[in-house]
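With the hints as constraints, model all of the structure from the sequences given.
If you read the sequences in order, they're chains A, B and C. Those letters in the first sequence? Residues 2 to 291, per the numbering used here, in order. Those letters in the second sequence? Residues 81 to 442, per the numbering used here, in order. Those letters in the third sequence? Residues 164 to 399, per the numbering used here, in order.
Bear in mind the hints are in silico, worked out from the structure with no lab data behind them. Misleading hints may appear alongside valid ones.
Some chain A residues near chain B, calculated using beta-carbon distances under 7 Å [unchecked claim]:
1. L94
2. N108
3. D213
4. L264
5. L275
6. L276
7. I277
Straight-line C-alpha distance at most 20 Å; calculated PhoX-like pairs for lysine-lysine [stated by the list, open to error]:
8. A:K263 to B:K205
9. A:K120 to B:K358
10. C:K345 to C:K388
11. B:K207 to A:K263
Computed from a predicted structure; not experimentally measured. The beta-carbon is built from N, C-alpha and C at its ideal position, and this holds for glycine as well.
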Amino acid sequence: MLAGVLHQIMSGLATGGIYASVALALVMIYQSTHHVNFAQGEMATFSTYVALMFINAGFSYWEALVMAVVLSFIVGVAIERVLMRPLANAPVLASVGVFIGLLLVVNAMSGWFFDYTIKQFPSPFPDHPMLGGYLSGHELGSTGVTLLVLLSVYLFFRHTRLGLAMRAAAHNATSSRLVGIRVGWMLALGWGLAAAIGAVAGCMVAPIVFLDPNMMGGILLYAFAGALLGGIDSPLGSVLGGFAVGVIENLGGAYLVGTELKLTMALVIIVGVLLIKPTGLMGRRVYSRV
Amino acid sequence: MRTFWITALLVLLGTIWPLAGFSNYHLFQLTLVVVYAIAILGQALLTGFNGQISLGHGAFYAIGAYTTAILMSTWNVPYWATLPISAVVCAIVGFLVGLPALRLEGLYLALTTFALAVAVPQVLKYKLFEDWTGGVQGLVIDKPEAPFGLPLSPDQWLYLFTVGIAVVLYIIAWNIVRGRVGRAMMAIRDHAMAAEAMGINLPMVKTSTFALSAMYTGLAGSLGAIAVQFVAPDSFGVFVSIFLFVGLVVGGVASIGGTLIGAAFIEFVPNLSDLVSKAAPGAVYGVILIAVMFLMPAGAGGFLYSMGRKLSRSRSAQTDTSEQAEETAAVSHDPMSGMMSMPASAAFVERPVTSESTGQND
Amino acid sequence: MTNLLEAKGLHAAYGETRVLHGIDFAIRQGGVTALLGANGAGKTTTLRAICGLIRTRGEMTLDGKRIDGMATEDIVRLGVAHVPEGRGTFMELTVEENMRLGAYTRPAREATDDFEHMFDYFPRLKERYKQQAGTLSGGEQQMLAIVRALLLRPRLLLLDEPSFGLAPLIVQEIFRILGRIKEDAGVSILLVEQNAAIALEFAEDAYVLETGRIVMAGSSADISKDEGIRRSYLGY
Ligand SMILES: Nc1ncnc2c1ncn2[C@@H]1O[C@H](COP(=O)(O)OP(=O)(O)OP(=O)(O)O)[C@@H](O)[C@H]1O
Ligand SMILES: [Mg+2]
Chain A
2 MLAGVLHQIM SGLATGGIYA SVALALVMIY QSTHHVNFAQ GEMATFSTYV ALMFINAGFS
62 YWEALVMAVV LSFIVGVAIE RVLMRPLANA PVLASVGVFI GLLLVVNAMS GWFFDYTIKQ
122 FPSPFPDHPM LGGYLSGHEL GSTGVTLLVL LSVYLFFRHT RLGLAMRAAA HNATSSRLVG
182 IRVGWMLALG WGLAAAIGAV AGCMVAPIVF LDPNMMGGIL LYAFAGALLG GIDSPLGSVL
242 GGFAVGVIEN LGGAYLVGTE LKLTMALVII VGVLLIKPTG LMGRRVYSRV
Chain B
81 MRTFWITALL VLLGTIWPLA GFSNYHLFQL TLVVVYAIAI LGQALLTGFN GQISLGHGAF
141 YAIGAYTTAI LMSTWNVPYW ATLPISAVVC AIVGFLVGLP ALRLEGLYLA LTTFALAVAV
201 PQVLKYKLFE DWTGGVQGLV IDKPEAPFGL PLSPDQWLYL FTVGIAVVLY IIAWNIVRGR
261 VGRAMMAIRD HAMAAEAMGI NLPMVKTSTF ALSAMYTGLA GSLGAIAVQF VAPDSFGVFV
321 SIFLFVGLVV GGVASIGGTL IGAAFIEFVP NLSDLVSKAA PGAVYGVILI AVMFLMPAGA
381 GGFLYSMGRK LSRSRSAQTD TSEQAEETAA VSHDPMSGMM SMPASAAFVE RPVTSESTGQ
441 ND
Chain C
164 MTNLLEAKGL HAAYGETRVL HGIDFAIRQG GVTALLGANG AGKTTTLRAI CGLIRTRGEM
224 TLDGKRIDGM ATEDIVRLGV AHVPEGRGTF MELTVEENMR LGAYTRPARE ATDDFEHMFD
284 YFPRLKERYK QQAGTLSGGE QQMLAIVRAL LLRPRLLLLD EPSFGLAPLI VQEIFRILGR
344 IKEDAGVSIL LVEQNAAIAL EFAEDAYVLE TGRIVMAGSS ADISKDEGIR RSYLGY
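Structure (structure tokens):
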């Protein structure tokens, strides 16, 4: 029993890492624009297809991953510059509409270019159980990669000038302009980073769930839940929230509601958080300004 | 009054002509257009007229469809008798969803309803409900015959039946929107705080609108199930909700007439673009959705409406241009002046330019 | 003496609301110019117009170079620092990070040397260095806003009501330090103030703005002597 629980927690953390990455991607965009990118999952899926294309063309897994990440970054920046900039002050309905439109287009593009059949995606990690059988090689490896990505993102935001400027632009656009930060570009960089993080998450999860155009639909939902649980304007919170949702999902699926209702659990978490503590566990405290 | 009779006559002619000239398959398609129109109308009441953004109306559509299918297959309830039951069920569910929605600000409601839409098929497949829902297999139901020995094929009859229900629902919606309740709904949409200060019972209006909206979309689900003769979890995935949303936006979120355009759009665009590729409908929907947001934010309904306004204005008042400008301003401020569509001004018009928004053009 | 900034026929509007109706003014190189007027006269709007934070019509030159129509970021990079109304603190970031952002356009090492300089002026900020800026008192936030602006090494410093909400003692302190800064850095200042007495004492030139039009321009001394102006526009 205890071993079973432990096993569920461990593999919950492994999938939680994926949710944490996507949640972080969502929060990075939300923080600076107050938009929720409903297309984040579809974009990640498309990036994963691109990686598979490179792998099929003969590149190694890691080369393919890096190329897909770089391309995703560029495309993310481009999307922000072209589609999102005019939306800066648009009302919620208009922005939701554009994001849903983007979701549809990217989803269709995945199907169009790479067809709708379910595809196997290779894993670069050994295929046997590890850590005394608690995790598969891929689970352990992908968790490692995820943690590495999250750590680099953290260090980037915490300790680089550009990272600081991006945080500043997210918090206070006008003041940022007044110290000479090119806020528009910071938002675009944020989009690029979000797309890149999504690409890594896609490539890490694809070997487990197989690749099809709707691969990330459910994952996006868990990421929403994670982001809201941790606080949708708190990057650190969203990451912890993502891991927590992974564990909750696994334990709940195993002992509570069965695997068939896992998605509904995400919905329950979302509604629960929004009703009980809308700022999430680590959401931003509101300072009164003089 | 004259417009009423003209509209009535047009509806009558428009109803009868396909009966005579259309194949059963085309009639079936038209039936679906009417079904989608009702579903979109339900969403328009909530999103367009009341400003509560839903991305999960497929859930209500599914509940209506399943209510009818279960009643018909498990309890042999006649198809027409399932409609009032479905209406009540969906209204109650809508009301219940509307309660937490009271505390969710625009974007969060969109997000939550989106999550609802994603979760729907899983719930429908859930094994505890399998005895009723038929699990993954779904349920098959019979197509109703024309009653009273009318000389009509089942498709012809179902078409007439659906149009009949639709006419009733449209008249009700029309009157609600034009009446006191409709004004309250739009006041809340345009300025919630001011509306509350004016004495409008905000929670009451918002939850009732949610119930009404769910009822409309649920009834559409019922009619759709009868027409398609089949319900199954995977026909109610997130894309149903998204397509309804697309239809809503394309028709114009706050346009009653526009719902028909939106419905035709989501019924026929896949049929046409499917010929190109399986991916084409999604791509076309997406591109058009984005284009509408940028170019024609009031949707097709709003667009036609303002075109009509311009035409009639240039015919009647060729006098003073400043008067025209005033009139244009009046149009966007007085949502009651519309005939078939009402500009969802607050929902779409850009916020005033603030210091934050300028200078971002680097 | 030459003018650092010149504006001719400057109009500004928020959407449909026109706020400035073609004003002319100049700021002398190395001088302090006060911009006075009642609430809603358009003082803040004038500062925003200079920084390109709102759309304008008319001509503005900084050191002879046209800046109207330029993006805020580029105007700032020409050496225009703005201490905005409400102070514009990055509440969620630390004092240190706020200061680093002030020096964003300059090489990091050079800026860090300047930090010590700033602590000379405002020792309080040194004590609060690692603290979240949102937790600072109003006066401390005002100091931080000034420091952020100074770290840009500006040629022109735009100050929007630095005395706002501060106790008289702190106001005196801040103006004393501003005086020092002016001497040390040779920066030109455009000062918006409700407190006309203090402003006129600190500035050499002054403009009085009323509903988007300049109704009086001259030396501070002349303006503070003019009983009529004082009564009707400056209220003391
Ligand atoms: N963002 C805005 N949108 C619309 N109108 C604005 C905006 N900001 C300011 N105004 C208007 O412009 C006019 C001038 O405002 P401004 O802030 O420049 O005044 P001010 O002289 O700084 O006043 P105060 O001394 O109260 O700060 C006011 O009538 C104000 O209502
Ligand atoms: Mg002001």
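Hints and how they fare:
no.	hint	in the structure
1	L94	holds (5 Å)
2	N108	holds (6 Å)
3	D213	violated (13 Å)
4	L264	holds (4 Å)
5	L275	holds (6 Å)
6	L276	holds (6 Å)
7	I277	violated (10 Å)
8	A:K263 to B:K205	holds (12 Å)
9	A:K120 to B:K358	holds (17 Å)
10	C:K345 to C:K388	violated (25 Å)
11	B:K207 to A:K263	holds (13 Å)
Checked against the numbered hints listed earlier, the structure breaks hints 3, 7 and 10; every other hint is satisfied.
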